[in-house]
Each structure stands twice: as structure tokens, then as C-alpha cells.
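J.: Sequence:
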Amino acid sequence: MSMPEKVRLVEVGPRDGLQNEAQPISVADKVQLVDDLTAAGLAYIEVGSFVSPKWVPQMAGSAEVFAGIHQRPGVTYAALAPNLRGFEDALAAGVKEVAVFAAASEAFSQRNINCSIAESLTRFEPIMAAARSHGVRVRGYVSCVLGCPYEGKVSAEQVAPVAKALHDMGCYEVSLGDTIGTGTAGDTRRLFEVVSAQVPRAQLAGHFHDTYGQALANVYASLLEGISVFDSSVAGLGGCPYAKGATGNIASEDVVYLLQGLGIETGIDLDRLIAAGQRISSVLGRANGSRVARARSAQ
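The sequence shown begins at 1 in my numbering and counts up one residue at a time.
Simulated from the structure, these hints should not be mistaken for lab results. Only a predicted model underlies this, so the values are computations on that prediction, with no experimental measurement involved. Check each hint, because a few of them may be wrong.
[Said to hold, decoys possible] Taking lysine-lysine and the DSSO-like style, the derived pairs with C-alpha atoms no more than 27 Å apart in a straight line are:
| id | residue 1 | residue 2 |
| --- | --- | --- |
| 1 | K164 | K96 |
| 2 | K164 | K153 |
| 3 | K6 | K153 |
| 4 | K54 | K96 |
| 5 | K96 | K6 |
Work the whole structure out from these sequences, hints included.
T.: The structure is reproduced here in C-alpha cells:
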């Protein structure tokens, strides 16, 4: 199978990257981050999440962020909407695309959203119906596709029916997430081989965390399987509050550098992307999690 000629990055930094930060982050800083990412050429940015601030305090103000950003034509500005109330709030904020998430692990589903996998999928049905009636596209996430903090290794056979259920419900794309970052390149290839028997490869994406330092290798393995969409987070921001020890998402800068080296088109300006990551890292008072950004800034 030949590698894709073009890859689309789904930038999750403003949502998945910031949601676990302990310190408050202003709406203005979030708006600046999204605008910086737009200027860098990202075609898909996950801006925020419409969930109760009681559960995810950092996502309070997502409506204000949507109101403040400069939306460029042709760029998708999406939000996580895990329930009908969240969907309605997203719709009111003018969001044109939302994401829902399920887990491949029963234990993770219970700890994360207090229900079984089957129950979580049932909860999405009214969201899907409302999305169809309002012309809103829905993207699906499956978490813990290569490992679970409670169950250990997760088989590809556990992932496939969950991905298929989301696809059959109407999710135009399903992102497979290695939430705790334990997956290897071999696991990743087999995952896409098995899941693609249920959901076409063109409608699958990869979402890798770098806990074990395998995220870039897993992106490369996915490319070999014909996958052309990847979730990534500027400056490697993010983790998972329900997965102890899970480090950030793969850094967008590092993925772009890899893809450029392979001659794969992304449409992203790497220098501007590095600048965006440096700015938000400065706001957070921490070192940039991207190795490419750190190497470039040391030159």
C-alpha cells in the first residue's frame, strides 16, 4: 500500500491540549492560540468543548472563544459535544462540526463517563439526529484503542465494533486514540488492518500520545496503512485526567516535520506553527513539548 500524498492534521491543542491544565487560561489567550493556528495553515482546529465546567473547568468560556476567533473560510472550527445539552450549546455558538467520544475499554468507559460502552453509544443517538437536522457534521473518537490504564492491553477486535457503531450512526470520520500512549508500530498496523474491515481507511484517523515515546513511529506505521488524517496538539500539549501517567498528545510540529521529510503535503507553515507553540508554552510557563520546536529555538 502506498503512502498518502496529502495528510490532514486535526489540531486538538486548544481543546484536548488545554483541558487538563491546572492554571486558569484566559479567553483572550485561547483566542490568540486559535488565531495563531489558523495563521499557520491548520485546516481543522478543535477549539473547545461544551461540557459542564464542573467536570472540565478549563473548557468554560468555549462559546466566548468561538465568538472571539477570526474564522478563515475553508477552515473547520470544531468542538467536543458529549451530550445533547452540549450539542445545543455548540449550535448556539455557531459551531458547524462537533465530536463525540466512546471508549474501546469497558473499565475506561465506566471511569470516564460513568456508563458502559453500549450506553454511551445510545446517548449519542439524539445528538446524531439533531446534527442531521441542523446540517452539522459529527466526528467520532474511540479512546484506549491500544491500551487501557485499568484493563491493560486492548485488542483490535475490541476496537472494531465501537468504531463501526460510530460510523454506522453517521460519524463521517472515526479517530482511533492511543490514550495512554503504550501502542507500538506493530500494534498500530494491526489495529488499522482489523478496523478497516469495518470502517473504510479513508474514514479513519490516528490519535497518538507519546507516553512511551512511540507516537511518531505510530504515525509512520499508520501512513504505511494508508491513513491520511492525524490528530495532534501544538507544543505537545495535553494528557488525560483519567489515565495516570499519560503524557501529551504528539506535537503538531513534530508530525509536520516528519511529513515534510517524506514529501507529504500538509499546507502548514512549520515556522508559524512553532511560533504558535512557543507563545502558548510561554503563557503556560512551561517548556515547549515539541522536540522540533526546541531544536529550532536552540539554533
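J.: Please write out, lowest number first, the hints stated earlier that are contradicted by the structure.
T.: Number 3 only.
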